[in-house]
Amino acid sequence: MDEKDRHIRQQPGDAYPTPEVPAESAWSGMRDMLDQEMPVGPSSNSNWIKIIKLLSALCLTSIGLIYFIQKKANHDPHKGVTDAPTTLNAVTKLNKKDAIVIPKAPGIISIKEPDTEINAPGKKHSPEETAHPGPPFLVRDSTDPGKKTGNRNSERITTLKMRTSTKASPDPHVPGQPDTPYHSKARQTNETTKSRNTSDDSRKLGLSENSRVQNSPLTPIVTYGPAENNKSLKNTIGESGTHPIDITKKGKITLSREKTVTFSKTTPADAAHEAGPFLISMLTSRPAVMTHELERKLKRLSIQSIQTATTSSKRPSKSTTILNNIHAGLLWNVNLPFSGYNNYFRGTNNTTDFYKTLIPGIWAGKTLSSGNEILIKVKPYSQQFGSNRMDTSLTTVRDTATYYYTTSRGLLKSSGFNLGIQYNQNVYNGLSVGLGANLQWQKNALLSNQVKSSRRNTVVDYEPFMSLSQKTDTSGYLKPYFFTGNLEVLYAWKKVQLGAGITVPITRLLGRSYEKQKPVSGQVTVRWWVR
Amino acid sequence: MEEFQNILEGCKRNERKSQERLYYQFYPAMFTLCKKFFQDEHDIQTALNNGMMRVFKNIGQFDASRGSLFNWIYTIIRNSCLTIIRDRKVDAVVEYREEVPDTAKQNPFDGTDWSEIFGYLSKLPPATRVVCSLYYLEGFSIKEICDDTSMKEGTVKWHLNESRNRLKDIWAKNNKI
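Chains A and B, in that order, give the protein sequences. Quick note on the working numbering: the first sequence kicks off at 1 and runs consecutively. Quick note on the working numbering: the second sequence kicks off at 532 and runs consecutively.
Isolated chain B, as found in the complex (with noise of 0.2 Å):
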């Protein structure tokens, strides 16, 4: 803990070393992260060093009392991909059906492995994976994705439709549909 109170001192002096290790110590985990929003390696990492460049920049206004540093530096790289989604909104065609049903908000990737999920989620399109991770690896709910994403909540329910009929295995496996 004091070790981590020192990287943390020494990130608010602006030093390269402390900068390091605290980014060595959450790479896999907001690497993890972003991989669920891109597929290309080059997004991801453009998300995941955007990300940092903030808790770097911002490492002063860091409240332990709040919350854990982890989530605090959690939320922020996310908050960097749906940035990034945001601006790439002309890439996020999307059909529009308002018939589209809403789903029940249950985790079909529940106690699945990381590498199966990903497997998984690369089988859907860009937006479709986006709103689909925030859904139900995120959590988020359809108003959430509908403010974060720029989506008009139809959009919305429709990829999760249609995330829904791509993944229909492991809806199947895990008897979720």
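Chain A extracted, bound-state conformation (with noise of 0.2 Å):
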């Protein structure tokens, strides 16, 4: 170095003419070299997809949270003895101005009153107002016993029946009287609600205690007397006798000569009977989808959800009733290349790891009217195939004194985390049509790479599988995300819907290529109702 420096007549303090090149136009040439010989480590966008990764995870947690506080509450030992051996998942809202009409729905049918006027303090009541307090009415189909909700409510209904109750006749109907059989009966109703829960057939089982306790001559199946706020109701049924009446039975009270109630009750053998048994599955375990053929099977049943059964002594909150009407699951979804399945189980690592293709999404969705719903799904690994065409139109030039190099490579396929948002349209019962968007962020892809030298045109370097990852990826070969579009038709059966589509890409999967690639690929899905 020493020897050199006598021959320097230049200094770093000298004025320079300024280029004829900018610098920036250099610096620019000098970092594509640089990106080629000396790939640096992270890049710079990757604080943002670890933003973006943390947000999802915090996303999953919270939905795997919330569903298991939900499933635990489900659980809850505290029962009521109202609801004991019931659970609604059907309400229909009884309009008092015209004749009461309770639809002959499967399962046990209870008509029962709400505690708001109960609850009201300073109110007296007379022995019979307070031994059959105020509606409006509320009918409960209990068809389903693995479903819940108003435990707690129906609980404080109970309590309040049974303090207040001891000014009541002493009808053995009346529930609340400490030692009368009806009491001992609710205690046993709550053990068996209890058994019930831990049956690994609840449905079946359910039915059966049902049955019980509709065969119980104590049976909870009781309706009391008039509305607080209806007048005509409570001056009809005062004169008609301050007792509960057993609906245990078909009948009819009159209110007035122009009002009448008419009532029906079927035993869940009946209801079976009657409603058949696609009925009853649908009703115990009815996916969202097929509400409409709930509705159509019980045409004066407006089915809706669970929490408005609830509202009848305390009204839940907005966002509870927005989380209830979410339904949540798993999902596989797995894309099927156009170009040739040779590298379909070769990772993006360049090893083979099929099982990845087994990792399952998630999705939540919210069933709009008609069976259509909305849903949302995060795959944690997705694959997006290429076209497997060499991109010569890539180019990195490597100028030496005389000859070049050019670089050429193909995109195989590429994977990494998939958010989607997807409308599903409802065309007939369980077949319907989605329509998605999704957004995928590339973290690895396998390329075919080839360096072919200007001088005599010949292939220097060819590697079939070479692994780039958008970490190391610093040329920007990879678009760190990209859009795609999905169009499937899914089927629902049971649990499980099953889909087929095609997915299109609708930005560019490379950044550097002036191919725009957009390969499109099939799609096949499927979709587990988990609540």
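Hints in this document: simulated from the structure, not taken from any laboratory. Using N, Cα and C, we set each Cβ at its ideal position, and we do this for glycine too. All the given hints hold, so there is nothing to weed out.
A short, non-exhaustive set of chain A residues, derived as facing chain B with CB atoms under 7 Å:
(1) Tyr-16
(2) Val-21
(3) Trp-27
(4) Met-33
Subject to a maximum C-alpha distance of 35 Å in a straight line, what follows is the list of computed DSBU-like cross-link-like pairs (lysine-lysine):
(5) A:Lys-53 <-> A:Lys-366
(6) B:Lys-699 <-> B:Lys-654
(7) A:Lys-471 <-> B:Lys-588
(8) A:Lys-479 <-> B:Lys-548
(9) A:Lys-479 <-> B:Lys-588
(10) B:Lys-588 <-> A:Lys-452
(11) A:Lys-366 <-> A:Lys-494
(12) B:Lys-548 <-> A:Lys-452
(13) A:Lys-443 <-> B:Lys-543
(14) A:Lys-443 <-> B:Lys-548
(15) B:Lys-548 <-> A:Lys-518
(16) A:Lys-366 <-> A:Lys-495
(17) B:Lys-543 <-> A:Lys-479
Label-pair restraints from in silico Cβ distances:
(18) A:Pro-380 <-> B:Arg-552: 38 to 48 Å
(19) B:Arg-619 <-> A:Thr-352: 42 to 52 Å
(20) A:Pro-39 <-> B:Tyr-555: 17 to 27 Å
(21) B:Ser-596 <-> A:Ser-339: 52 to 62 Å
(22) A:Phe-338 <-> B:Arg-619: 45 to 55 Å
(23) A:Phe-338 <-> B:Glu-546: 40 to 50 Å
(24) B:Asp-571 <-> A:Leu-487: 52 to 62 Å
(25) A:Thr-507 <-> B:Glu-546: 22 to 32 Å
(26) B:Trp-645 <-> A:Ser-339: 50 to 60 Å
(27) B:Tyr-555 <-> A:Ile-69: 50 to 60 Å
Mind docking these for me? Both chains are given alone in their own frames, and the hints should help you get the complex.
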């Protein structure tokens, strides 16, 4: 170095002319060379990707937590007497002015009043009113013992009845007399509910429990007297008697000359016979896409959410209602390349990792009217296949004195995290058509790489399978993310939804390519309804 | 100085930002150096970037106790230029004349503005420009030029003579002839 220093006539502080080639342009070429020769580790957008991943993980955790809490609430051992053997999943609001007709729904139907009036502080009730406090009536369809809600509310109702009914007439059907058979029966029912909750085949057992309760002479299926705010009904019932009316059988209550309350009660066996196993199945485990079918079968029933029933005593928060209307489950979605399956199970790290295709995603959706639904899909591992075509327009020139190299690449596949939203239009029964948009982050890619020399146009290097990571791809060959659209036909079968369709990239997969690669793939989907 | 040390450390860690700052810092001087030997911008940039690539690859070998970083980079880039010149030997067709006399090693460009220097150099053929630059601007001896460019001594002398003939103006102006 010292020897050469004597030939250096320039100094760093000298005034030099402005170069004809701007420094920015020269650095751009220099950076390309450095990216080829000395690639750096983390790319600049890695922090951003980390944030997205963190947010996604938080979302997944939240969904899981909500599901866990809700499931735990379903198994709350403090079940009320009134609802002990029952669970509601269908509610019909009755018009007080019209004749009240209780439709023949499968399972136990109970008419009971909310405790709004009972809880009113300082309000004195007559013995009749105390024993039969106020409506509006709710008709409960209780075929599904596996589902929950209203337990705490029901408990409150029961407690109050027990406390206040000491003033009421000592009718054996009136709950609340401490040592009456009803009380013991209630306890018994509560116990049977616990045992049912632990049962494997809760649906069948629940039906049998209902039958047992139904056949009991002390059935809790009792309708009480008039509504506090329905004078005509109160008066009519008050005239006809202050005793609760057992509606375990079909009957009719004449309120006035014009108004009649007609009710009917079917046993679960009757309901099953009348409705058929299909309807029972739909009631007990109906998926949202079959709700319209349920409504068609039960024309008088307006199927609403479960939370509507619980509003009888305490209105749930809006967020709780929304959460309970959201369905969720697991999702398997695989892309099928039209360009061939040779590299299907070859991982982007150039090893065989077929198991990654089995990693499920999750979905959460909300059922809209007529069985249509909108859902969000999160897939931790999703593959997108390239066209297997060597992209000669991606040329990296490495100048030397007399010749240069040209690097060509062909994208075989890329993999990464996928987030999507989809709308499913129900077209016929369980058959629906889905249209979705997805955002996929490209984490890794599998390429074929070829280097040609301009000297005699010879291939100096060829790698059929080269792994490229987004972290090490400083040349910007892979785009960090791209958008795709998907169209699929889905068929709902029990708790599983099967689908097939196509996936089309909307934006380019490659950042440095002049060939706008947007390879179309087929796709097969399996969705499992967990809740 | 501390900032300069940070740049050096960053370059050793292969950090693009540090490499970029180093590149920008020496770019005008190194571009001027390359322009002494090449007329074409593409050639200048090729020589410059090839040299800087060597700098970044071997930055760990730089020893501050043996010289300044500028001189180290300067030498590497000049060598990069000479490498290209050697590889283009076929292009540098010269006439071999033994009788060409050696020229006095006086720098006719002393005190001349860079733009003027490049103006004169642009009048010379490529090989003559290289020899002229090495001899007058870089201070190389004829033997060193022979070694670095793989030219014979007579050829170098001829190029020097040729440059004197073509640059009579500047010689006359500076009374160096």
